[in-house]
Amino acid sequence: MERLKMSWLLLSSFGIMFAILSWLQESQFLSNDLGFYKGLFALILGIILFFLIPNRMSN
Numbered sequence: 001m002e003r004l005k006m007s008w009l010l011l012s013s014f015g016i017m018f019a020i021l022s023w024l025q026e027s028q029f030l031s032n033d034l035g036f037y038k039g040l041f042a043l044i045l046g047i048i049l050f051f052l053i054p055n056r057m058s059n
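Under this note's numbering, the sequence shown has 54 at position 54, and the numbering climbs by one with no breaks.
Be aware that a few hints might be false.
Claimed, not checked - The following label-pair restraints were derived from C-beta to C-beta distances:
1. F29 x E2: 36 to 46 angstroms
2. Q28 x L4: 30 to 40 angstroms
3. L52 x S22: 13 to 23 angstroms
Derived by calculation from the structure, the hints in this document are not laboratory data.
Backbone N, C-alpha and C define an ideal beta-carbon position, used for all residues, glycine too.
Work out the full structure, taking the sequences as your base and the hints as a guide.
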């Protein structure tokens with residue numbers, strides 16, 4: 001069960017960061033031609049977010 005929770009929190013962190021990056025693109029703060037890099041950035045930032053917030057909440 002703990003493994004499922006950790007997977008869900010990591011996937012949620014990725015989704016949150018992807019949504020934020022998409023919003024920044026729509027607001028013209030980021031370039032529209034990021035391509036697959038947006039997903040890569042979302043993954044990296046999502047992992048950072050995962051270790052900053054949800055990982056601490058479960059302890």
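Is 36 to 46 angstroms a correct range for the gap between the Cβ atoms of F29 and E2?
holds, 37 angstroms
Just to be sure I understand the hint, the distance between the Cβ atoms of Q28 and L4 should be within 30 to 40 angstroms; is that true here?
holds, 38 angstroms
Outcome for the supplied range 13 to 23 angstroms, where the beta carbon pair is L52 and S22:
With a Cβ separation near 21 angstroms, L52 and S22 satisfy 13 to 23 angstroms, so the hint holds.
Hint violations for this structure: none, all hints satisfied.
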